[in-house]
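Chain residues, written in single-letter form:
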Amino acid sequence: MKPEYILQANSLNKCFGRGDALVRAVENVSLEIKRGEMVLIMGPSGSGKTTLLSMLGALLSPTSGQIAIDGTDISAMKAAALAALRAQKLGFVFQAFNLLEALTVEENILFPARLTTAGIQGARGRLDELLQRLGLIARRNALPNTLSGGEKQRVAIARALINQPPIILADEPTGNLDSHKGQEVMMILHDIARDDGCSVLMVTHDPRVEEIADRVLWLEDGALRDRKSEQHSWVIDPVCGMRVDEWTASVTTEYNDKKFVFCSSRCLSRFTAQPAHYIDETMHRVPG
Amino acid sequence: MFYWSLKTLFAEPVRLMVSALAVAVSFILVIFFSAVFEGESEQMIVYLEEMEADVWVMQKGVSNMHMASSMVWDWKADRIAQMPEVKEVAAILYFNGAVKIGGKDWFSYVIGVSPEQPRTGPWAIAQGKAIPGPGEAIIPDVISRLTGVGIGDEITLVDRPLRVVGLSRDTFSMASSIVFVAREDLGDMLDAEEQFSYIMVYAEPGVSAQALAERIKQEIDKINALTSETFIDSDRQLAVQMGAEIVRMMTMIGTLLATLIVAFTAYSLIARKKQELAIARALGFGNGQIYLAALSQSVVVTLLGLLFALLISFTLLAWLPTVVPQVNLAVRLHQFTSIAVVTLPVAILASLSAARTVARLDPMTVFHQ
Chain S
25 MKPEYILQAN SLNKCFGRGD ALVRAVENVS LEIKRGEMVL IMGPSGSGKT
75 TLLSMLGALL SPTSGQIAID GTDISAMKAA ALAALRAQKL GFVFQAFNLL
125 EALTVEENIL FPARLTTAGI QGARGRLDEL LQRLGLIARR NALPNTLSGG
175 EKQRVAIARA LINQPPIILA DEPTGNLDSH KGQEVMMILH DIARDDGCSV
225 LMVTHDPRVE EIADRVLWLE DGALRDRKSE QHSWVIDPVC GMRVDEWTAS
275 VTTEYNDKKF VFCSSRCLSR FTAQPAHYID ETMHRVPG
Chain A
21 MFYWSLKTLF AEPVRLMVSA LAVAVSFILV IFFSAVFEGE SEQMIVYLEE
71 MEADVWVMQK GVSNMHMASS MVWDWKADRI AQMPEVKEVA AILYFNGAVK
121 IGGKDWFSYV IGVSPEQPRT GPWAIAQGKA IPGPGEAIIP DVISRLTGVG
171 IGDEITLVDR PLRVVGLSRD TFSMASSIVF VAREDLGDML DAEEQFSYIM
221 VYAEPGVSAQ ALAERIKQEI DKINALTSET FIDSDRQLAV QMGAEIVRMM
271 TMIGTLLATL IVAFTAYSLI ARKKQELAIA RALGFGNGQI YLAALSQSVV
321 VTLLGLLFAL LISFTLLAWL PTVVPQVNLA VRLHQFTSIA VVTLPVAILA
371 SLSAARTVAR LDPMTVFHQ
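Note that the protein sequences, when read in sequence, are chains S and A.
Just add 24 to wherever you are in the first sequence, counting from 1, and you've got the numbering used here.
Just add 20 to wherever you are in the second sequence, counting from 1, and you've got the numbering used here.
Extracted from the complex, chain S is given alone in its bound form (with noise of 0.2 Å):
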């Protein structure tokens, strides 16, 4: 019988430097993560979100605690184990797409593949299905540099799925994407969560997420709790036009003394190219 929870990590501690230089990046966190369940972790930037991620991938040894995955505990498991346990446990999608250059798209999507028993030749039925569910089936072929951010997410979506891994772990996935690429991808992790069974982890600043998610968890100063919903503070991104959490949105900035919200740095740099253009004193704020 399966355990109910894919990932559990008990009283997690990451502490990075000594002496005077020590940094508590995670500090006692303790989470469970259901199959099939898809959980945010939210919080303002340096609050040790992706070193949280990164050990929970077992990319990354936590100072003390324990992490379980699919009732496995990885703690004293070598690099070694620690690889073939991300090859067939986890999948990965990141903020910036980290696609290979010199592969095309199926070769990407199949690059995992190698390192299941099964092999490439196993995985080329679900490779077909994947190209076919994300839209890609046309660009099979296509080289990275020649597709669009939101092409390129969808890839790494299907490269993180190719082995069918029982969580996902996804940093960003929307940061670098406008805000209808952003959502289109959102629905695709909610679908693979739905499904699939398949555990969505997923750091973000998205606040649109929060209505598809089933829980929020919020970190701050490496310490995890969950997130009241009432603690909104929205506003409208001038590029946009997209309701933003102004408490969890990290992409900001200040133009004439007055601080603006972005959903993404991509709406930031439209702003910033030119600010004048985008400003609407009626429409920056708007109540929660």
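In short, the hints are calculated from the structure, not lab data.
One should not assume that every hint holds.
No more than 30 Å apart at the CA atoms, straight line, and that leaves these computed lysine-lysine pairs for DSBU-like [to be verified]:
(1) S:K205 - A:K294
(2) S:K102 - A:K294
(3) S:K205 - S:K283
(4) A:K80 - A:K107
(5) A:K107 - A:K294
(6) S:K102 - S:K58
If you anchor each label on the Cβ, the simulated ranges turn out as follows [unchecked claim]:
(7) A:F284 - S:G265: 35 to 43 Å
(8) S:G265 - A:E32: 37 to 45 Å
(9) S:N280 - A:M37: 30 to 38 Å
Calculated Cβ distances over 10 Å to all of chain S for the following chain A residues [as the list claims (entries may be wrong)]:
(10) V56
(11) A144
(12) M272
(13) L303
(14) V347
A quick note: this is a predicted structure, and the numbers were derived from the prediction, not measured.
From the three backbone atoms N, C-alpha and C, an ideal C-beta is built for every residue, glycine too.
Fit chain A to the known structure of chain S by using the hints.
For chain A alone, kept in the frame of chain S given last:
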């Protein structure tokens, strides 16, 4: 990872070609230097080979021609000629020194040839006479081309002016060319009118060269008799000894250069693809697999370099003698096999530079933008 490493390597063909050509240049240096050395070494024994004697007789204690001096009384040649196992003898006077041709000193084997023994003279004539008479000399055609000194011009052997009457082929070497003069002139110059330096002995059919050499040593006092094979080997060994250290050093420099170039290429490739390697590690590839990817890139660059080196070397070695005739080049299979043998160690050594980067790969890099 092997597939990734090859695709990544060939995704930047210009960079790959430049790296492979740089490796090729260092290999070509080794091949070229080795070919020059082999060519010169061969040229140093060309006279001994062309004479096709069975046994060489020389002064006791002497076993070489190169950088050696030998004097044997001429009656000893007559004694040898009377032996029943001997079909024919030919003898030369020999002097190892500089000949001034066209205002420049050319270090030469000066062979004193008797007119009644034409076989001791040049074996291929480009122009003019084949046997020099008194006051005459035959010089290599390459020296003639390089200096402009031709038939009818004067050269100087020590303090003796000689007139060029012939140009010989295949007798030039940067280390020691062959100049033929009359035995009479050389005997007079060396005060050795009744002596020879080397006696070439041609055996009757069916007589073993080794047995004949032993018999001559038994019969004739104060001489050394060596089979042609032993004598040539002895001179070849001397040539190899003289140049071996330089060749070894040049080979080491060339190999080191190739290693450094491959190492730099492997390192820069890995350094530039650090992000992708971190992705591979995050996705579940181990250090060993990633290191093998780096190694395979080094091997491909080195093998391509070797291939280019062979192609370019063959072309150059065929073309160079027509442009630079003074360079004697000899290509032997072992020159290429020795380069091929060092290829794998070069690639492995070079990939060590990337191994450190691989070992220190931080998988957290994947979270950086």
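Would you mind confirming whether the straight-line C-alpha gap from K102 of chain S to K58 of chain S stays at or under 30 Å?
-> 26 Å, holds
Within 30 Å, alpha carbon to alpha carbon, are K80 of chain A and K107 of chain A?
-> 23 Å, holds
Find the nearest Cβ of chain S to the Cβ of V56 of chain A and say whether that gap is larger than 10 Å.
-> 42 Å, holds
Beyond 10 Å from every chain S Cβ - status for A144 of chain A | 58 Å, holds
Is the straight-line distance between the alpha-carbon of K102 of chain S and that of K294 of chain A 30 Å or less?
-> 22 Å, holds
10 Å cut-off, C-beta based - M272 of chain A kept clear of every residue in chain S = Fine: 35 Å to the nearest Cβ keeps M272 of chain A off the interface.
Does the claim that L303 of chain A lies off the interface hold, with its Cβ farther than 10 Å from every Cβ of chain S?
-> 5 Å, violated
Measuring Cβ to Cβ, find out whether V347 of chain A lies farther than 10 Å from everything in chain S.
-> 44 Å, holds
Is K205 of chain S close enough to K283 of chain S, meaning Cα to Cα at most 30 Å?
-> 25 Å, holds
Has the hinted range 30 to 38 Å been met by the Cβ atoms of N280 of chain S and M37 of chain A?
-> About 54 Å separates the Cβ atoms of N280 of chain S and M37 of chain A, which means 30 to 38 Å is violated.
Under the criterion that the straight-line Cα-Cα distance not exceed 30 Å, is the pair K107 of chain A, K294 of chain A satisfied?
-> 77 Å, violated
Between K205 of chain S and K294 of chain A, does the CA-CA distance stay at or below 30 Å?
-> 28 Å, holds
Taken one by one, the earlier hints fail for this structure at numbers 5, 7, 9, 13, listed in ascending order.
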